[in-house]
Amino acid sequence: MSNKVVQAMYNDDDILMDAVKEVRAAKYHIEEVYTPFPVHGLDKAMGLKGTRIAITAFLYGCVGLVFSIWMMDYMMIRDWPQDIGGKPSFAFIQNMPAFVPIMFEMTVFFAAHLMVITFYMRSKLWPFKEAENPDPRTTDDMFVMEVIVDGNEDELVSFLKKTGTVEIKVTEKH
Amino acid sequence: MYTFSSKLKTLSLALMVIGLLGVGYGFLSAPASVDEVKVLLQESHNAHGEVATTDGQTVAESSNAVQSEEAHAAHVYHLLKNKPWSSLYVALFFFFMISLGTLAFYAIQHASQAGWSIVLFRVMEGITAYLPVGGILLFVFFVLSAAHMNHLFVWMDPEVVANDALIQNKAGYLNVPFFLVRAAIYILGWILYRNYARKMTLKQDASSDLSNYRKLFKSSAAFLVFFLVTESMMSWDWIMSLDPHWYSTLFGWYVFSGLIVSAITTIALVAIYLKGNGYLEFVNDSHLHDLAKYMFGFSIFWAYLWFSQFMLIWYANIPEEVTYFVSRFNEYKVPFLGMVVLNFVFPLLILMNSDYKRVPWFIVTAGIVVLIGHYIDVFVMIMPATVGDQWFIGISEISSVLLVLGIFIYVVFNALTKAPLLAKGNPFIKESEHFHY
Numbered sequence: 001m002s003n004k005v006v007q008a009m010y011n012d013d014d015i016l017m018d019a020v021k022e023v024r025a026a027k028y029h030i031e032e033v034y035t036p037f038p039v040h041g042l043d044k045a046m047g048l049k050g051t052r053i054a055i056t057a058f059l060y061g062c063v064g065l066v067f068s069i070w071m072m073d074y075m076m077i078r079d080w081p082q083d084i085g086g087k088p089s090f091a092f093i094q095n096m097p098a099f100v101p102i103m104f105e106m107t108v109f110f111a112a113h114l115m116v117i118t119f120y121m122r123s124k125l126w127p128f129k130e131a132e133n134p135d136p137r138t139t140d141d142m143f144v145m146e147v148i149v150d151g152n153e154d155e156l157v158s159f160l161k162k163t164g165t166v167e168i169k170v171t172e173k174h
Numbered sequence: 001m002y003t004f005s006s007k008l009k010t011l012s013l014a015l016m017v018i019g020l021l022g023v024g025y026g027f028l029s030a031p032a033s034v035d036e037v038k039v040l041l042q043e044s045h046n047a048h049g050e051v052a053t054t055d056g057q058t059v060a061e062s063s064n065a066v067q068s069e070e071a072h073a074a075h076v077y078h079l080l081k082n083k084p085w086s087s088l089y090v091a092l093f094f095f096f097m098i099s100l101g102t103l104a105f106y107a108i109q110h111a112s113q114a115g116w117s118i119v120l121f122r123v124m125e126g127i128t129a130y131l132p133v134g135g136i137l138l139f140v141f142f143v144l145s146a147a148h149m150n151h152l153f154v155w156m157d158p159e160v161v162a163n164d165a166l167i168q169n170k171a172g173y174l175n176v177p178f179f180l181v182r183a184a185i186y187i188l189g190w191i192l193y194r195n196y197a198r199k200m201t202l203k204q205d206a207s208s209d210l211s212n213y214r215k216l217f218k219s220s221a222a223f224l225v226f227f228l229v230t231e232s233m234m235s236w237d238w239i240m241s242l243d244p245h246w247y248s249t250l251f252g253w254y255v256f257s258g259l260i261v262s263a264i265t266t267i268a269l270v271a272i273y274l275k276g277n278g279y280l281e282f283v284n285d286s287h288l289h290d291l292a293k294y295m296f297g298f299s300i301f302w303a304y305l306w307f308s309q310f311m312l313i314w315y316a317n318i319p320e321e322v323t324y325f326v327s328r329f330n331e332y333k334v335p336f337l338g339m340v341v342l343n344f345v346f347p348l349l350i351l352m353n354s355d356y357k358r359v360p361w362f363i364v365t366a367g368i369v370v371l372i373g374h375y376i377d378v379f380v381m382i383m384p385a386t387v388g389d390q391w392f393i394g395i396s397e398i399s400s401v402l403l404v405l406g407i408f409i410y411v412v413f414n415a416l417t418k419a420p421l422l423a424k425g426n427p428f429i430k431e432s433e434h435f436h437y
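As given, the protein sequences belong to chains U and R, one line each in that order.
Read in the numbering used here, the first sequence has 83 at position 83, and its numbers run on one by one without any break.
Read in the numbering used here, the second sequence has 1 at position 1, and its numbers run on one by one without any break.
What the hints contain is simulated information worked out from the structure, not anything from laboratory work.
All of these numbers come straight from a predicted model, not from anything done at the bench.
Ideal placement from N, C-alpha and C gives every residue a C-beta, glycine not left out.
Treat the hints with care, since some could be wrong.
Cβ-Cβ distance ranges computed for the label pairs, FRET-style [unchecked claim]: (1) U:VAL100 / R:MET352: 49 to 55 Å; (2) R:ASP389 / U:VAL108: 51 to 57 Å; (3) U:ILE93 / R:GLY297: 28 to 34 Å; (4) U:MET71 / R:THR10: 56 to 62 Å; (5) U:VAL108 / R:SER33: 42 to 48 Å; (6) U:LYS124 / R:HIS436: 28 to 34 Å; (7) U:VAL108 / R:VAL364: 29 to 35 Å; (8) R:LEU250 / U:ASP140: 45 to 51 Å; (9) R:LYS203 / U:VAL108: 54 to 60 Å; (10) U:ASP140 / R:LYS203: 34 to 40 Å; (11) R:PHE27 / U:ILE69: 47 to 53 Å; (12) U:VAL108 / R:GLU281: 37 to 43 Å; (13) U:VAL100 / R:ASN330: 17 to 23 Å; (14) U:GLU22 / R:HIS436: 17 to 23 Å.
In silico EDC-like cross-links for lysine to aspartate or glutamate, where the CA-CA straight-line distance does not exceed 16 Å [what the hints assert, rightly or not]: (15) U:LYS44 / R:GLU320; (16) U:LYS4 / U:ASP141; (17) R:LYS203 / R:ASP243; (18) U:LYS49 / R:ASP355; (19) U:LYS161 / U:ASP18; (20) R:LYS81 / R:ASP389.
Build out the structure end to end from the sequences listed, making use of the hints.
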């Protein structure tokens, strides 16, 4: 498979949405779309699979909850029991109401932070990473759709020209 | 236009008749005298093989025992006498709070000029149609309480107040005439807004300018201010005063959280029912999704307040505050902790997934569980103060629910037939019809 892609640039998100639908209907493969802001419904129009980050968030939350239970049990009951406000510190269950805020916070903390880290790893983002967008104008007011060249290049270019693009470029994808 | 199907009408009438019979049975089967209670207690003692023996006791001791037994029987007698009244009160309050919560939700939609919910306005107006009926029933109940037909509100009994310094200190607020005047103000105020808003939306359907819409906006904002104050006071008056020594500063919010989640659940259930019968074709699954999101969110909000109220009192450990939770943990453990599963854990797990919030039968399942859970919530708020350890969910409780449910269904669905199901005059109606998540 060649690495050649066509980059079609649009200046309006509605035109982009229509173009995405047309390109998909014509059975061309959209590699990526670069937009300056999230475009509502674009993921569905591109036929992207739904994100599974919610499932990971739930699992991370469960881990946080279990961790906080273990942590409070170790700190406050086993290792160094303390008498705070005359509350019993002999058994976890007796002191449990006092730990609920911590259990809640740890659940949120784990879910939020691990979710962000997961997101970075899945999107292959890290500090000092070079930007991948093909044109700096996609961070300002332009939208770029990248379509893989698979077969007749001229046919694809002339097809894309009819979808309302303002600029078109054929290039090698690294 | 919706037509009240004869099947549903028959169902509601049947519920009323069955409920009425059960409630009547509950009142008749309550013990008529202290002596009857003594026989009952003796029977249960015998059944347990715990016949008290007075052999070898001194005369003074045995007379003490007889006196305390006498007092115990009198106490149980009063609790059992209260039971059918309390169960009726729980049911009346539960359905009234659904209607009141719907009115608050409805007013929020108007005041925030929400776009998505307009297609559901007529459903909400149908549910709030129960407000005048339920309000009058509750007020009659309070008048009967004030006339000493029952002893739910112990501070209404002058004999109790005479021996209780704490209630005497509160007598400036907790006295029968002021209580009834307040109840009348709350109920009238809510009904007034409800009828005004209904009139304005109907007028807006026929008019070509937005003057009615602006009036609706202003009156809804004003109503919300009135509602937030009166809802808090209502919760002190109607529920917290059952335990006149106890107080909790977030009780008004706690009652509100239960009220709003039951209300939104009922809106979703009625909408799904109507949609299933071929009405409300303009309600799509994005509207249901939003309602389910509110059910999910407010269930968590309820649990947050439930726990906050408990934890502060548990930590501070002040005697007149902790008695409230001691009686619930000792005598109401299963409903008190079980409702946390029904009202929090179950909706949390079942409605967490975004896709499930769009599936009607998921919403219906979660909704029924949430409504049962919040009935138990009201039950546990009211019963410990009025029937103490003599509670059980029997004929009185179930038939009270059936009776009020029958009235509720009849009034709500009858009101739905009175106007077109789409509030077409609202300027944002197109946005609502095209609402898409």
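Results for each hint:
A hinted range of 49 to 55 Å is violated for the C-beta pair VAL100 (chain U) and MET352 (chain R), which are about 19 Å apart. Checked against the hint of 51 to 57 Å, the pair ASP389 (chain R) and VAL108 (chain U) fails, with Cβ atoms roughly 39 Å apart. Checked against the hint of 28 to 34 Å, the pair ILE93 (chain U) and GLY297 (chain R) passes, with Cβ atoms roughly 29 Å apart. The given range of 56 to 62 Å is respected by MET71 (chain U) and THR10 (chain R), whose C-beta atoms sit roughly 59 Å from each other.
Restraint check, VAL108 (chain U) to SER33 (chain R): a C-beta distance of roughly 58 Å breaks the suggested window 42 to 48 Å. About 32 Å separates the C-beta atoms of LYS124 (chain U) and HIS436 (chain R), a value consistent with the hinted range of 28 to 34 Å. Distance hint check for VAL108 (chain U) and VAL364 (chain R): the Cβ-Cβ separation is about 30 Å, which falls inside the suggested range of 29 to 35 Å. One distance hint, 45 to 51 Å for the beta-carbon pair LEU250 (chain R) and ASP140 (chain U), holds here, with the actual separation near 49 Å.
Hint check: LYS203 (chain R) to VAL108 (chain U), Cβ distance near 47 Å, so the stated range 54 to 60 Å is violated. Judged by the Cβ atoms, the range 34 to 40 Å given for ASP140 (chain U) and LYS203 (chain R) is violated: they are separated by roughly 49 Å. For PHE27 (chain R) paired with ILE69 (chain U), a C-beta distance near 49 Å keeps the hint of 47 to 53 Å intact. For the pair VAL108 (chain U) and GLU281 (chain R), the supplied restraint of 37 to 43 Å holds, since their beta-carbon distance comes to about 41 Å.
In this structure the hint that VAL100 (chain U) and ASN330 (chain R) lie 17 to 23 Å apart at CB holds, the actual value being about 21 Å. Separated by about 21 Å at the C-beta atoms, GLU22 (chain U) and HIS436 (chain R) satisfy the suggested range of 17 to 23 Å. Of the supplied pair hints, the one linking LYS44 (chain U) and GLU320 (chain R) is violated, its CA atoms being roughly 58 Å apart against a limit of 16 Å. Only pairs whose Cα atoms come within 16 Å are accepted, and LYS4 (chain U) paired with ASP141 (chain U) is rejected, the gap being roughly 25 Å.
Taking the CA atoms of LYS203 (chain R) and ASP243 (chain R), the gap is about 45 Å. The hint is violated against a cut of 16 Å. At most 16 Å may separate the alpha-carbon atoms for a hinted pair to count; LYS49 (chain U) and ASP355 (chain R) meet this at roughly 14 Å. Proximity of LYS161 (chain U) to ASP18 (chain U) is assessed by CA-CA distance (about 13 Å); at most 16 Å being required, the pair is judged to hold. A distance of roughly 13 Å separates the Cα atoms of LYS81 (chain R) and ASP389 (chain R); the hinted pair therefore holds under the 16 Å criterion.
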